[in-house]
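Undergrad: Chain by chain, the residues:
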Amino acid sequence: MKKEDRKLTAAELPAGGLLEAGTAENFKTGPWRSQRPVWNKDKCISCLTCWIYCPDAAIKIAPDEKKTTVVIGIDYDHCKGCGICARECPPKIAAITMEEEKK
Amino acid sequence: MVKTMFSKGKIVAKTGNEIMAEAMRQIAPDVVAAYPITPATEIVQIFSQFVADGKVPTEFVAVESEHSAMSATISASVAGARAMTGTSSQGFALMWEMLYIAAGLRLPIVMAEVNRALSAPINIHGDQSDTMGARDAGWIQIYSENSQEAYDNMIQAVRIAEAAKLPAMVTTDGFIISHCMEVAEVYPDADVKEFVGEYKPERALLDYKRPFTLGAIDLQDYYFEHRYQLAQAMRDSKKIILDVADEFKKKFGREYGFYEKYEMDDAEIAIVAIGSAAGTTKSVIDNLRTKGIKAGLIKIRVYRPFPAEEIAKDLANVKAVAILDRADSCSASFAPVYLDVVSALYANCGDKAPKAENYIYGLGGREIALNHIEEVFMKLDAIAKGTKKASTQVEYINVRIK
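Note that the protein sequences, when read in sequence, are chains A and B.
Using my numbering, you'd call the opening residue of the first sequence number 242 and step up by one each time.
Using my numbering, you'd call the opening residue of the second sequence number 72 and step up by one each time.
One chain only, chain A, in its complex shape (with noise of 0.2 Å):
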């Protein structure tokens, strides 16, 4: 089996437990999900309070053409549902909206 299939052994791994940073990326929490968040575009007034409140990093964010940051997407591979951009969104507003997830 190839290094990159399978788990490292004792004389492969670096030591102490040590971890290159940024691995949660390769981690998908996605499938947890009981609930998802449905983003709708249109309503969006790109206020990042979703972004600021998102306990996973999972609300994505890209500059425009005026160089404005601005709400993109979710990224379902690491939401885990937890509902709290749909709480936290602004309610006159009200961007987002949880859905059940589809099995």
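No lab work stands behind these hints, which were simulated from the structure alone.
In this text the structure is predicted, and so the values were computed from the model without any measurement.
Where hints are given, some of them may not hold.
[Unchecked claim] Below 27 Å or equal to it, Euclidean Cα-Cα: the simulated BS3-like pairs (lysine-lysine) are:
hint	chain 1	residue 1	chain 2	residue 2
1	B	Lys280	B	Lys126
2	B	Lys280	A	Lys269
3	B	Lys271	A	Lys301
[Said to hold, decoys possible] Pulled a few chain B residues facing chain A out of the computed Cβ check, cut under 10 Å:
hint	residue
4	Pro282
5	Tyr294
6	Lys450
[As the list claims (entries may be wrong)] According to the in silico footprint, chain A covers these stretches of chain B (three or more CB under 8 Å from chain A):
hint	segment
7	168–182
8	296–308
Ideal Cβ positions, reconstructed from N, Cα and C, are used throughout, including at glycine.
Since the structure of chain A is already known, use the hints to place chain B on it.
TA: This is chain B only, laid out in the frame that chain A set:
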């Protein structure tokens, strides 16, 4: 005393604590975090004075407990610093969970440890109960017979720990060595600096361009491999210890190994001991030798890693051996050093192993005198001659039992 081949240092009169502080000044670690405790107080007290006087550029962290001392030392080490601390007894006990973390994270921390009894009842005097309890913590353990060895061991421990990626403790017997003034040789600052060299960690948290995580959760799928690595590092450290000793001998003229053999070449009976009691034993051996009794001593210097095969080989030809422990395991069985030595003998010599007895002595600083050691040798002599049988249980020296 170990064999001295040449001498180029300065002969000074220093206590064990003074000379350990002197070694730390010469090593000049980046960070020392410590909390005072009898009988190790002077080590960090003198060292902090060196820092205050500008004699060493170390960052000294005065913490509020030994748990914090070890935590701060660990943090400094992870950041990439050469980090040291010093403690004893209860302070050492308070470090407990952090000791295992230092070893598990594979940090080359060096600790000056003064062996003292553990409470209760409270007692400030020398026995080895404190560090014997941590014998399986993943720390290299080097014990010293006198001030000179404490000094030499500290200097070597830095190199050993950094090469093995294991923390190391150097110990002295509380008061007997820590507070007893002896003549010892200290080497020029530049020579020690050159010997210990600059610490260049492979990875350091302050190297923000190569970020990493240390100490993350490690479950059923990886923990075992990491613990195997730690055990293997301890096995591999044996060669490192001998290599560093060899280099030390060439530079400073004093020879060290895992243990010191005294009159072992033709010995028929032997004592295995650790620490200051070795000096007393040597004196008894000199006397017995004049009477034609072939007595010898193995004084263990490096207890972790334990030199099992080597000791078994050197004890294979004696007829009877007594293993002296300055700590009780309270296990209803035997004490730590005996368990290691006898396991080594059983594994390597089988039914040809010498008869072995276990004696516990000197708890709470209780005196171990020439006559006590001589009585042990007389019993061994009788066992060797077949007139007495070896005890099958732990025996005690100089304690009022009934």
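Undergrad: Indicate, hint by hint, whether the structure satisfies it.
TA: Okay, the hints, checked on the actual structure:
A C-alpha spacing of about 33 Å is found between lysine 280(B) and lysine 126(B), which places the hinted pair above 27 Å, so the restraint is violated. A distance of roughly 26 Å separates the Cα atoms of lysine 280(B) and lysine 269(A); the hinted pair therefore holds under the 27 Å criterion. The straight-line distance between the Cα atoms of lysine 271(B) and lysine 301(A) is roughly 40 Å, outside the 27 Å bound, and the hint therefore fails. Interface hint status for proline 282(B): upheld, as the beta-carbon distance to the closest one in chain A is roughly 4 Å, under 10 Å.
Against a cut-off of 10 Å between C-beta atoms, the interface hint on tyrosine 294(B) holds, since the closest Cβ of chain A lies about 8 Å away. Checking lysine 450(B) against chain A: minimum C-beta separation of about 45 Å lies over 10 Å; hint violated. Counting residues of the segment 168–182 of chain B whose CB falls under 8 Å from any CB of chain A gives 4; the rule of at least 3 is met. With 6 residues having a Cβ less than 8 Å from any Cβ of chain A, the segment 296–308 of chain B passes the three-residue criterion, so the hint holds.
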